[in-house]
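4 protein chains.
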Amino acid sequence: MNTIGKRFRVTTFGESHGNGIGCVIDGIPAGLFIDVEFLQNELNRRRGGQNLYSTQRKEDDKIEILSGVFEGFSTGSPIGMFIANKNTKSSDYDDIKDIFRPSHADFTYFYKYGIRDYRGGGRSSARESVARVASGAIAKLLLKEFNITTKSGIYQIGEVKASNIDFDFARQSEIFSLDKEVESAQKELVKKAKESHDSIGGVALICANNVPLGLGEPLYYKLDSAIGEAMLGLNGVKAVEIGSGVESSTKLGSQNNDYISKNGFMSNNSGGILGGISNGDEIYLKVHFKPTPSIFRTQKSIDKNNNEIELRLKGRHDPCIAIRGSVVAESLLSIIIADALLLNTTSKIEYLKKIYI
Amino acid sequence: MNTIGKRFRVTTFGESHGNGIGCVIDGIPAGLFIDVEFLQNELNRRRGGQNLYSTQRKEDDKIEILSGVFEGFSTGSPIGMFIANKNTKSSDYDDIKDIFRPSHADFTYFYKYGIRDYRGGGRSSARESVARVASGAIAKLLLKEFNITTKSGIYQIGEVKASNIDFDFARQSEIFSLDKEVESAQKELVKKAKESHDSIGGVALICANNVPLGLGEPLYYKLDSAIGEAMLGLNGVKAVEIGSGVESSTKLGSQNNDYISKNGFMSNNSGGILGGISNGDEIYLKVHFKPTPSIFRTQKSIDKNNNEIELRLKGRHDPCIAIRGSVVAESLLSIIIADALLLNTTSKIEYLKKIYI
Amino acid sequence: MNTIGKRFRVTTFGESHGNGIGCVIDGIPAGLFIDVEFLQNELNRRRGGQNLYSTQRKEDDKIEILSGVFEGFSTGSPIGMFIANKNTKSSDYDDIKDIFRPSHADFTYFYKYGIRDYRGGGRSSARESVARVASGAIAKLLLKEFNITTKSGIYQIGEVKASNIDFDFARQSEIFSLDKEVESAQKELVKKAKESHDSIGGVALICANNVPLGLGEPLYYKLDSAIGEAMLGLNGVKAVEIGSGVESSTKLGSQNNDYISKNGFMSNNSGGILGGISNGDEIYLKVHFKPTPSIFRTQKSIDKNNNEIELRLKGRHDPCIAIRGSVVAESLLSIIIADALLLNTTSKIEYLKKIYI
Amino acid sequence: MNTIGKRFRVTTFGESHGNGIGCVIDGIPAGLFIDVEFLQNELNRRRGGQNLYSTQRKEDDKIEILSGVFEGFSTGSPIGMFIANKNTKSSDYDDIKDIFRPSHADFTYFYKYGIRDYRGGGRSSARESVARVASGAIAKLLLKEFNITTKSGIYQIGEVKASNIDFDFARQSEIFSLDKEVESAQKELVKKAKESHDSIGGVALICANNVPLGLGEPLYYKLDSAIGEAMLGLNGVKAVEIGSGVESSTKLGSQNNDYISKNGFMSNNSGGILGGISNGDEIYLKVHFKPTPSIFRTQKSIDKNNNEIELRLKGRHDPCIAIRGSVVAESLLSIIIADALLLNTTSKIEYLKKIYI
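Residue numbers (this note's numbering), protein chains in the order written: chain W, 413 to 769; chain Y, 413 to 769; chain B, 413 to 769; chain R, 413 to 769.
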């Protein structure tokens, strides 16, 4: 069950403190130029260890392409990629090998599998998301051919929300803040949390533009459904909102409906999706991340033998997983849209005729 | 793509104004007693036409079992079920066959497929959810064997929220309200929306209890991920929250973490899921429904030839889809947990040995 | 696991002596004219009870379309179909409910599931193949749009082989014999087997013509691989040969290789498939059916309590399952090729550009 | 489509002359001891370059485990494995980059994808099968826990067949011959073919023992169906026979049926499978390999521009692919049975109760 996508299929493997993280992408049409520099840049956006708002684990995250590319182009064969782990400090985790960190996957992995790679959280670590970004980068290369773009940023930290959304600003902001005006207040919250050995939650805003009308497969692989699956599969995500999201549930139909003029939709509460299918408008969604569960304060927990303990963690962790998580969410959205683009090729006879006749 | 589940696999078919709605459930273990009366009762919970808070379309929703059951028990063969459409009034829809209802799937289906069954929304109608409830009822029968239960109710209508949650009360409430104290205020909002030819949004709360520790498949079919996929695949759902949900993004780690004592978790912000795997605690989630898009007020839209029009709908619609939607959401949660229960049987060698040795 | 195909997905349900046999076909492009008369004709080709070479069970096999078709055309929604069972004589099977017929699925179903619908073999009956033919007929309608055709006939009964292959003759032959010259000898063998309360094996030859170059997905859903899966999933099939088949294993490379001229392949030992991908030449294969296991002679077996018994069957059975099986095999080949046609739409960027740009 | 298996899922990647061949195995239960020495031994069985009956390409085929194993045991996370390519001589293939080798995948890959990695056949090379053997070795480790074994050998080369089957002898034979008496005659045929710059076909016999009664999923993932899919997906395989195979089609029911006594089946024409489900008896099958298409004689073909050419290949190839292919076929059978073992855990409620109650 380590696979996402139906036609653009990504399978990942690897653990936080093993050899590295890898992925296999199956279903990429032949003839796509695989721009390795672009892939590396995408990985760099997610990379930690760059500033005080992220983990201090410094990985160079150098991407290695193992297969599926010949003379620069995709061949139709699966693309294997690998990113080695270099900056592991497994000894940090010796203390926790017999105990369960609160609100962590330690507890559930141990009881599900009867065995647990405790080093850095093993497979459950956010380190795995490097493979999602690498795969998302390939998806972006495919989407680019059709002028489709995706973008992301931090909408909210704690209670501080963006109001003037600026995705260009977000790309340069150390915390990917979407609003120049609130960036420093948001940074302050992260810093304060970190200084008090705590962590803080946040919200990412993710968009896709120029998505062709008609993507999304009814009724059980709707575009919003697939997006929801992807986002809630991301570590620490506790809620997803499409379009007007939670607000829509408080509205009247006459307030929430998007009327249509000959120039298109007159509002976009739908978030670009109707009946699970893209309507040609901007797709946007909010992804809510809980605060990083690994905090450095004293916490109550138990060990494997059900003894109560007080624990104080070591290790290196992001004080706010929403920040780097926003890049991963953008990557996942790219994968879902690429998948929908491939799936939609068989929606009508007319399309098949364009290919075969 | 009309299938949900990996091992407990439900495939549905049928349209609002066609012969009926059917489903095939594949993967049900042999030897399960298929209690037809229970199935019918579940369908009755979702049935409309019962009171002024739901559609006036009256279907008897009689379930017919077509296969897979022998002398009352499942045989391991796929269970086919069918629910005939009887109370269709297709003429109500003649007026809209060339126009697009705002915030409806009309527009996207037409452009995706180049053809559209406009009668009652065709395949995109909430009528299809009767198959989800029928399948969910089979899932519940399976879960019962392991003492796992699911339940649901209306948490919020417009801005009116429940505070004293009472699932027993919800089962009797005409609007499935979870709180006796706010039921009449919630009803009033629905009634007012209806009287002004409008509709209103709402929020359902869904729970599962006694879910064994260890269900959910990392990392791309996490329990929360699968739940998110299912819920966002439900008509009109614009947001899903697991556990503390959107609130978690405003919290500090020290506030949001669930500490553990030898008697179990000391709080449940996780909503019973850690790292995508059930932790043995109650699973709970909130599902946000937008207001029904079909309202009876004048709206702006376009027709197939991109001419601007003003439309006034006819037809029969729920003034608040959250109400009956809550039953469907509960059914979907049952399916997802049943699927996870089946998937988990191969998680460790020890389980296989219990079966084969 | 009652599903075949990846993009043209057929799910079947139903048992020999239940309400009927049904199927759901998901993934059919919108805009295909669903010619119901053609579907019925296809079902009639497989129908038994017509002559002394097939079962005496007479079913009218009337097809009922439950969904997915609007004003004659496919809508992109799943097509549900149902064929009622009418001529069941379950009492024929009372005697065998506690015993296992030799070389039958009785034994394995009972031990796998702990329960068994013994009436007419339940789900394991060849009756289920009516759904394969119905689905195959839809596949044929799709293939026709691209001028692709499939055909079949009986190549061999016992040791009597066809030499002058004539598919047109086969369509009129009561035993679908491919060779006018040997038809009577083949008939004689079937008749003789039947008269001596026995049954006989046979071989079907199946072809597909005008299959576009390039269909088939490497490396684990190769066209031949998918064909093999489909054919060996058909009741009573014990061997499948693609192209030169078993003979190829006795040859030298210089004898078996197909040289290429500017006008195409100079021979066709490959059977139209190279590296799992169609090469534009005729696809052909042989499907070997064992003799019907249900014979009316005294046989040795056991009952549920492991007591040895001598049994003499009642019931109505084909004396040679290869005959009607050939039609089912042709249907399955149509499904596989339709699936490959849909899958291939994403094989290169160029195809996507034809659709989206 | 580079994945095989439903619950024991193997995804492979890599090309003949790229970095190497890799695979990801998903679905392995936690707690399995991963015996790396055993894995390496399995790879060594398939390894070429050892004697004059195989390719002269010498790869050390050293297995590298990238993930999913912790302190020697499987963790439930996907197992990534990689085998580097070291002994590539890509220059051998410069001459063929614009031409199509007869009976090779060159032609179909080029036209399907519009691009082709011509070096050593790229993805279509038998080199990929090293990943199948590595995955099969993991499957064997799982099967061992339940005392299930698989074995293989060469049954036939050209027209020379084994009669006294001896699997132990086959393991030591340079050509894996199953019969001491015919080994030298079989070797002679291979040698002669090789000396005349030709190649020769052959047949492998594959068995599985102690397979529990009840494995295999009806009706579209039957055990024989899944085996057929796997075997026909192997390079150069043109026919598969289960049990009495092609012979069964010439028999009467009274000859072919396997009677049952209280001690079990009295014959095994079924090859251990009834109705797609294992019956507890030995599973056996024959896999027919065509002669290697790469021969070193002058052949007629065309180039990319449809010019007729005469070609004489260089490169290193097996004179008889059946020999090493037999090991791969055995590996694939192991994967299919492991998959069936996992799938069967949900066949009856009773099994679930053993786990959960």
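Worth double-checking, as some hints may not be accurate.
Since the list can't tell identical chains apart, any single copy or any two copies may satisfy a pair.
[To be verified] Straight-line Cα separation of at most 30 Å, DSBU-like style, residue types lysine-lysine; simulated pairs:
#1 K674 with K418
#2 K592 with K573
#3 K726 with K765
#4 K663 with K563
#5 K765 with K509
#6 K474 with K716
It is worth saying that the hints were derived from the structure and are not from the lab.
None of the values given here were measured: they were computed from a predicted structure.
Hint by hint, here is what the structure shows:
no.: 1; hint: K674 with K418; verdict: neither (35 Å within a copy, 38 Å between copies)
no.: 2; hint: K592 with K573; verdict: within (11 Å within a copy, 35 Å between copies)
no.: 3; hint: K726 with K765; verdict: neither (61 Å within a copy, 38 Å between copies)
no.: 4; hint: K663 with K563; verdict: both (28 Å within a copy, 25 Å between copies)
no.: 5; hint: K765 with K509; verdict: between (59 Å within a copy, 27 Å between copies)
no.: 6; hint: K474 with K716; verdict: neither (37 Å within a copy, 38 Å between copies)
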